[in-house]
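Asker: Single-letter residue listing:
Number of protein chains: 2
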Amino acid sequence: MLTVDLGDRSYPIYIQAGALSDSDLYRKHLSGSQAIVVTTERVAPLYLEQLKNALDPATQVSTVVLPDGEEHKSLAVLEQIYDVALKAGHNRTTTILALGGGVVGDMAGFAAASYQRGVPFIQIPTTLLAQVDSSVGGKTGVNHPLGKNMIGAFYQPQAVLIDTKVLASLPPREYAAGLAEVIKYGLICDQEFYDWLQARSESLAARDSVVLEEAIERSCDCKARVVAADEKEAGLRAILNLGHTFAHAIESAQGYGVWLHGEAVAAGMVLALRLSISKGYLDATALAPLLEWLRAVNLPVEPPQDIAVERWLELMRRDKKAVNGKLRLVLLRRIGEAFLTDEVSEEELRAFLGEHATAGIAE
Amino acid sequence: MLTVDLGDRSYPIYIQAGALSDSDLYRKHLSGSQAIVVTTERVAPLYLEQLKNALDPATQVSTVVLPDGEEHKSLAVLEQIYDVALKAGHNRTTTILALGGGVVGDMAGFAAASYQRGVPFIQIPTTLLAQVDSSVGGKTGVNHPLGKNMIGAFYQPQAVLIDTKVLASLPPREYAAGLAEVIKYGLICDQEFYDWLQARSESLAARDSVVLEEAIERSCDCKARVVAADEKEAGLRAILNLGHTFAHAIESAQGYGVWLHGEAVAAGMVLALRLSISKGYLDATALAPLLEWLRAVNLPVEPPQDIAVERWLELMRRDKKAVNGKLRLVLLRRIGEAFLTDEVSEEELRAFLGEHATAGIAE
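These protein sequence lines are chains A and B, in that order. Count along the first sequence starting at 1, add 1453, and that's the number in my numbering. Count along the second sequence starting at 1, add 1453, and that's the number in my numbering.
Just so you know, the hints here were simulated from the structure itself, not pulled from any lab data. Among these hints, one or two may not hold up.
When chains are identical, the list treats them as one kind, so a pair holds in a single copy or across two.
To be verified - Pairs of lysine-lysine, DSBU-like flavour, derived with a Cα cap of 30 angstroms:
(1) K1540 to K1779
(2) K1685 to K1481
(3) K1779 to K1505
(4) K1618 to K1505
(5) K1779 to K1481
(6) K1505 to K1540
(7) K1732 to K1685
All chains should be built: construct the whole structure from the sequences, respecting the hints.
Answerer: Here's what the structure looks like:
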C-alpha cells in the first residue's frame, strides 16, 4: 500500500490482485449507507457485479452506465450522474465509486467534487493508464469543445483500489496506451526505473503480472510523491505532463476519442524529447532507444501529419500551464529529470513544429 | 474591513460606499493580467462601466452578461461563462469578477471553482441579500431541476467588495428579500443585534445608509465567524440555513424565480419558529413581533398554500443537510440561538405541515 501524503486529505493506494472485490476495502472507506457506481458500457458486464457483491448488502446502491470514450467526457454526459443521484435520493453522505478507465475516473471524480458541493469518492481504475496515472492525484473534470479537461476540480479520493487482475481483459491498444504513461514516469522521475522498465520491455508487453505489479507500484509512487509536493500544480506537478501539451493538441485536432490519450502522449513525449535535444538540454542519444521501444509496443512515434503549424500553436496556447498567454513546456534535462520552462519562443516552436509535426517529417 | 479567517484561504470583506469603483482594491486582489466580469442584463447598464474603468487598463477583460433570475441558475447558462473564457483565451491566471446578486455570485463562483480546475474570483455583490449572505463563505453552485444548489463547490473568493451605494437602485421587492436574511442573522446569532435591528426597522426600511452599513457589517461578521468555525458545513454552519429547508421546498415547488429567495426564507423562518415553539424549544411570545415586522416590510409570513403535505416532504427530503435519508432542521432555542436537530419525526413534520403549510392555515 502506498499513501498520497496530503495532510488531512491523504489517502491510500492499494495495489493488489482482487482489490476490486475485497469487501474489507469498501467497508473501510465507505462511510455512509449510500453509494453510486459510475461505470461504462464496456466495463459494466465485466466487473460491475463483482464490485456490487463486495459492498455491504445494507448499502443503497445506484448505478450509472456511461458510454465509452473520451468524446463522451462532456458536461452533458456528466449530468446523467447528477440526474441518477438526485432521482434516487442520494445525499451528502453518499460515496461515488468510479469503476473504469480515465474517462470514468475523471467524470465520476468531478461529479463527486460538485454533487451537493462535494461527496466522498473511491477510484477503482480498470485500465493500465488509469491505474498508473489518472486515478491518483485528484485531477478531475470534463472536456470542453475548445479544450481538454477545461472544466474540473482538484478533488482527492478517499482511496484508490488497483486490481492488477483486471488488466488481463484490457484490449491491446488500451494496454499499450497505458504503457506510454508508465514509460513517462521513467523519463521524468527516475533513470534507474527507466532502465529497469526497458530491460523488462518484453515481460511488460506480455503482461507478466509480477513485473507489471512492480511497474504500477513504482509509477504510482512517483506520481504520489510529485502530487504530495505540489497538489495544485503551482510548479513541480507540471512535470507529470511531459508530452501532454502536444498530446492535448493532437486529441483536440483529431476529435476526442480518435487517438487514445496514451497514444497521443507517446507521440507527444517524442516531440518533447526532440525539442529538448534541439534546445540543447538533452543528449541526442536518448531518442533512438525510446523510438524503438515505443514502436515495439505499437505506440505512435509521430503526430498526425495533417495539423498545420498555426493550428498546432492555437491548440497549444489553450494549455492550462500557459501563464498570461505565454506557453510553458515540460522538457527533459536527462532521462529521469524533467523541468518546466517558458524558454521556448513562439518562433522556435513554429520552426520546430514545421520540421517535426507536419507532413514531410524527416527523422 | 472584516476578515473571513480560513488559514491560507482567508480573505477580506470591504464594506464601503464606492468599493465597486475603487481601483486600489482591484489592484490589490487581481493577480494576473486577465479578468472575466460576469454580470446580468439588469446590472450591466448600471455598474459594468464603473467596474471596468476601475481595472488596470492593461488587463484583458472579457464580459459575460447572463439573463436575470434564479430560473437561469443552471448548468446550461453556466456553460456560457466557460465558452467566453475559452474563446477569449483566458488561462489559469485569469480572475473572475462576480458583479450582481446571489445568482451571479453563485454561478461565477462555481465557474471560478471549475474553470481549468480553479481560478481566483472576487465577489462584488449588488443586492442586499448577496451582500449579507451569498457573497461570503464560499458556497457556489447552480440548481438542478430536482433541487436547489445541488451542483457546486465550496470555493472561497479572494475578496468581497460590498459597495453600499448600489443598494439605492435596488427594487423594493429585492431589498425586502435581503432584509429577510439580515433578520435571520439576528435570529441565529445575536439577540442584541436582533433587538437593535427591530428598534431601527423603520430606518432600515427607508434604506438609511448609516444604519444599513452597520446592519450589513454585523450580518457579515456573524456569517464570517460561523464560516470560519465550520467552512464545509460539518455541523455549526447549518444554522445559517434557518428557514432554508422550507424555503428551498417553496422555491422548487413554485418554480425557480417565482418567489425571490429572501421571500421564501421569510416564510421559511416563520415555519421554523412555529415548529420550534410547537416542539417546546422556543417561547411562544417570540413569534408575533417577527410576524409584524416581516409584514411591515411586505415579506410573506406564510408559504404558498397549494403545496400538498406529501409534496412538502418529498422536496424537503432532498435537503443537503439530510443524512442517510433522515431530515435535519435548524430550529431556535431562543432569539439569537439556533441549533441543528434530527429530533423532528416524519409524523410530527407531516402533522405540522398539515396545520401550518397548506390551505386552511390557522394563525
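Asker: Does each hint fit the structure? Answer for all of them.
Answerer: Right, here's what the structure says about each hint:
1. K1540 to K1779: between (45 angstroms within a copy, 16 angstroms between copies)
2. K1685 to K1481: both (27 angstroms within a copy, 23 angstroms between copies)
3. K1779 to K1505: between (48 angstroms within a copy, 24 angstroms between copies)
4. K1618 to K1505: within (17 angstroms within a copy, 58 angstroms between copies)
5. K1779 to K1481: Answer is between; shortest inter-copy Cα gap is 23 angstroms, intra-copy 45 angstroms.
6. K1505 to K1540: Result: close within a single copy only, 20 angstroms intra versus 43 angstroms inter.
7. K1732 to K1685: Within. Shortest intra-copy distance 28 angstroms satisfies the 30 angstroms Cα cut-off; inter-copy 48 angstroms does not.
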